[in-house]
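**Student:** One letter stands for each residue in the lines below.
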Amino acid sequence: MTAWQTAMPLAGFAGGLLIGLAAAMMLLGLGRIAGVSGLAARAIGLGNGAPWPIAAMFVVGLPLGAGIVSRIAGGTPVHFPTAVVPLVIGGLLVGFGTRLGSGCTSGHGVCGLSRFSPRSLAATISFMLAGFFTVAVVRLMEAGL
Amino acid sequence: MNPKPVVALAAGVLFGAGLAVSGMVDPARVLGFLDIAGRWDPTLAFVMGGAMLPMMVAWRIRANMMVPVAADRFHEPVTLPITISLIAGALLFGIGWGLSGLCPGPALADVALVPASVLPFLIAMLAGFGLHRIMTRLTDPARPNPPQTRPGA
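Residue numbers (the working numbering), protein chains in the order written: chain E, 26 to 170; chain V, 16 to 168.
Possibly wrong hints are sitting among the right ones.
Computed footprint of chain V on chain E, listed as stretches where at least three residues anywhere in the stretch have a Cβ under 8 Å from a Cβ of chain V [stated by the list, open to error]:
no., segment
1, 86-92
2, 95-103
3, 108-118
4, 130-142
5, 155-165
Here are the simulated distance ranges between beta carbons [stated by the list, open to error]:
no., chain 1, residue 1, chain 2, residue 2, range
6, V, Arg75, E, Met166, 38 to 48 Å
7, E, Arg164, V, Glu91, 38 to 48 Å
8, V, Asp87, E, Val162, 46 to 56 Å
No wet-lab data here; the hints were simulated from the structure.
Because the structure is a prediction, the values reported are computed rather than measured.
All C-beta atoms in this analysis are idealised placements derived from N, C-alpha and C, irrespective of residue type, glycine included.
Okay, chain E solo, but in the shape it has when bound (with noise of 0.2 Å):
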């Protein structure tokens, strides 16, 4: 039951950093939020309109630029969870909550807090509640209580 035995804070620290610059990008170079959520449902139509191509480059970035790094470094562990179940009804109410909710922990939380917008800080703790919640209620049901 030992906290921080499998954190990396330097990792995590020059990951963030990168995330930061490229919605800095996105601001500064195209003047838009790098919300993925919003960004996403755009690229594809079913945002505010009709499917959106320079959203659909920032989404077709991602798994490239996650490629690349997974390449270099020999691989990059990725676990996930056996049960297909969960992964459906959370897919559903991440894609749901984030379009209802106007954004998710890229929009809200990077580009929303660090402008210090009330709207993204109280969105920001409302999932980040909700999901220690959701953990705590999965690991509890998992003990069998």
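Please arrange chain V on chain E, whose structure you already have, making use of the hints.
**Tutor:** Chain V only, in chain E's frame:
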């Protein structure tokens, strides 16, 4: 040549690289952060901190810019009040995040790493996008965009 697609692609690549470097492509690590009562893994907090720094500088630079470098205007979200939709949406998102360990960025980045594993999540996420789009159309068919609530109204 139109620079916009190139800038968007480069930003996406950089963002995806950051997700891989930081370990955020791993749902187990994200669940470790959310598991505050268990073996807590604080890595995600360092990622958020690292991402915040360039963006805080970027907002400062933006305040002194009339137009973006490669576009004709800034498209920033209009300042809206804190609404029930915002909080309800964020809570639903948080539950889905806690169930799967995935949010949209890492899920899309994982297409390059574990395509078969992430596929059910991605299809469901797109269905969620679609569901919201249909709901918006049904409840407010005259306005395809979210209603522009006036502060104080």
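**Student:** Indicate, hint by hint, whether the structure satisfies it.
**Tutor:** Here is what the structure says about each hint:
1. Here the segment 86-92 of chain E counts 7 residues with a CB under 8 Å from a CB of chain V, which clears the bar of 3, and the coverage holds.
2. Requiring three or more residues with a Cβ within less than 8 Å of a Cβ of chain V, the coverage given for the segment 95-103 of chain E holds, as 5 such residues are present.
3. Counting residues of the segment 108-118 of chain E whose beta carbon lies closer than 8 Å to any beta carbon of chain V gives 9, which meets the minimum of three for the stated coverage.
4. A stretch counts as covered by a chain when three or more of its residues have a beta carbon under 8 Å from one of that chain; for the segment 130-142 of chain E and chain V the count is 10, and the coverage holds.
5. Only residues whose beta carbon comes within less than 8 Å of a beta carbon in chain V count, and the segment 155-165 of chain E has 9; three or more means the coverage holds.
6. Roughly 46 Å separates the CB atoms of Arg75 (chain V) and Met166 (chain E), a value that falls within the hinted 38 to 48 Å.
7. The hint said 38 to 48 Å for the Cβ distance between Arg164 (chain E) and Glu91 (chain V), and at roughly 39 Å that hint holds.
8. Checked against the given bound of 46 to 56 Å, the beta carbons of Asp87 (chain V) and Val162 (chain E), roughly 48 Å apart, stay inside it.
In summary, this structure violates none of the numbered hints.
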